[in-house]
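*Asks:* Use these hints to put chain B onto chain A, whose structure you have.
Chains A and B, in that order, give the protein sequences.
Numbering-wise (my numbering), the first sequence opens with residue 1465 and increments by one.
Numbering-wise (my numbering), the second sequence opens with residue 8 and increments by one.
These are computed hints drawn from the structure, not numbers from a lab.
Backbone N, C-alpha and C fix where the C-beta goes; we use that ideal spot for every residue, glycine too.
A few of these clues could be false.
Stated by the list, open to error - To be clear about the criterion: a stretch of chain B counts as covered by chain A if any three or more of its residues have a C-beta under 8 Å from a C-beta of chain A, and this derived list gives those stretches:
1. 71-83
2. 137-147
3. 318-325
Now for the letters of each chain:
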Amino acid sequence: MRRIISATVLNESGVLNRLTGLLTKRQFNIENITVGHTEDPAVSKVTLTVWVEDDRKAEQLVKQLHKQINILKVRDLTNMALVSRELALIKVLTTPDTRSEIKMLIEPFRATVLDVSLENVTLEVTGDGEKIDALIELLRPYGIKEISRTGVTAIPRGTQKKVLELHPYSIM
Amino acid sequence: MKASWVAEKKSVETSLVSGAELFIQGLQNEKVEVLFGYPGGAVLPIYDALYKSEMKHVLTRHEQGAIHAAQGYARVTGKPGVVLATSGPGATNLVTGIADAMIDSIPLVIFTGQVATTVIGTDAFQEADIVGITMPITKHNYQVQRAEDLPRIMKEAFHIANTGRKGPVLIDIPKDVAVKRAEVKEVEGIHLPGYQPTLKPNILQVKRLNEALLQAKRPVLLTGAGVLAASAEKELVAFAEYHQIPVAQTLLGLGGFPAEHPLCLGMAGMHGTYASNMALYDCDLLIGIGARFDDRLTGNLDHFAKKAVVAHIDIDPAEIGKNVPTEIPIVGCAKETLSALNQTRGDKGDYNEWVIQLTKHKTEFPLTYKTDESELKPQKLMQILHDVTNGEAIVSTDVGQHQMWAAQYYTFLESNRWITSGGLGTMGFGFPAAIGAKVGKPELPVIAVVGDGGFQMTLQELGVLQDWELPVIVVIVNNKSLGMVRQWQEIFYEKRFSHSLLDIQPDFIKLASAYGIDGKRAETESDVREALTLALASKKPFVLDCVVTADENVYPMIAPGKGLHEMIGVRG
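Next up, chain A with everything else stripped away, as it sits in the complex (with noise of 0.2 Å):
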């Protein structure tokens, strides 16, 4: 199962290696992670996509994670009500005939053109993986030269639901 994880490091030399040391240690594939500053510049969160085989498989990831005396807190936000966004730059081929087409077809994506060539032209787009992947799709048949993803990076909304069952990480 895909799990997202978000780990709140201090912003030092060397704990990204440490992290990801960790998980190929543990055999643990990532599929995409991000890194960037915090409201506090001495910390950084990275956000993560794993696929683990189960729970349990999970539970050991975070509290692995954890136990790195540089990451202060480690959060599996996969159950949890979340705001997740990845943006995507992708350069597709272009014709005169075909510019304004594709113009017409992003637009229900909220992609922008970020630049534009006599043979193609450069889009942005913003939010989830599936969203991407879509359009990414809608657009093969024009000719994409380049593609550049983030990955996903994550936040808990502010609300979350109740759950009745215990947190699962409760013994941390």
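*Replies:* Leaving out everything else, chain B in the frame of chain A:
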């Protein structure tokens, strides 16, 4: 005016000290008694500061010897072992010991030299990215960028190494950082927001365990090295005796519960006792304390404690539920948790029938071997070691057959007498570890029980025995083979003894003699007794080369992939 300016400048300068001197001060602040190390280019400034200080330094003959000695020291004293090595090859030679300490949770603080910050990353002479290399095998590691950071980093490192689940911490010191001068400032407290080990157990979970104890009919305790690390031996005995719960031990947990106690079932696992393994198989409540359910202990997990409610007490939350699904998770230090259990104890369950059944297993299926008057049996050798030392000696081993025989037959009556490479299974560990143990506990007899294969991996440390006249006794269990490899080839590879028979070997006695150390070859039980008695009385280093039955195997045994109930070789 000018004179006072000069004086002022001078006083500021004298209040500055070099990184190397800050290093010595840091060691003194942590009350470090001894360093195990080996010099080299990048640590020259540090060795110069050592020369001027009173700090005791044991020069080993290889960096691997230094780190295993520090492990032995840490294991018997409970204090972190401190290691010092140079950059590049000096640092990489430590890697095996670091990995060993990590998997067996032994507190170490390791200092490595590094090339100067100005050339890091240029593939300079003797440069190795030791921080990168040791990231997965240290609890934490640092590279010091400024001399003024060193006191804080050292304070943090000693704290991290010796609290929570203990482990190795490495500090990499570039050569220029050791030379640069910085002001001496008191380090105020330790600020590690990402590191707050839980010591006190959750009282609700303690209550749940107490309730489970009342419902249980067949409970068993499985105790590991966590009991020793927390010095919880008394609390454990009190807990087991009050409830009358039988105790099985892991390899590393031996000595945590007295072996001759009526409730003690002995070691569990691949070469464990029948009583211990059947207790783990049949129990309806399994309480693991400071043990990590390693594969050599559990055997096939599909057959491990399947009828039981599992309670797991561990200081490391990541160990709980890692291998065995756990109904009652208790994160906490073994001592605090056992105290809490002892304080909240109430009604007792009735386990009498269960204890009788297990005691019957103990008497009906004890550890056993075929005796043969004409040969020296390795099992008998361990029993003789116990007799001659009254079970009081510190025993250290490598990995393999001799390790299992020592674990089975030395019978550890007290804690912190047993040093072995459990998780990593490192050949060449036992002898240098014994040196460290003797440095840490000079008042106790120390015996390195090693195989003829493993001894040849680190025997250069005989030089340390000669140097310090350390009365360590090396007992070579000599079967002219890599015994455990040979045993597996015999059982699982149709006796194709691929590269496991070491017919060609040095004369170990002459080798010892080259180092000025007395030795003797023993071929009979009386040879062993005689030589050991003399060696113990002489208070000098000694090498005893014991020629044992060459094709003896370790039994009982659980074959790989089998469950705890599928033991072979239970009856002699």
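*Asks:* Provide an ascending list of the numbers of those earlier hints which the structure does not satisfy.
*Replies:* Failing hint: just 1.
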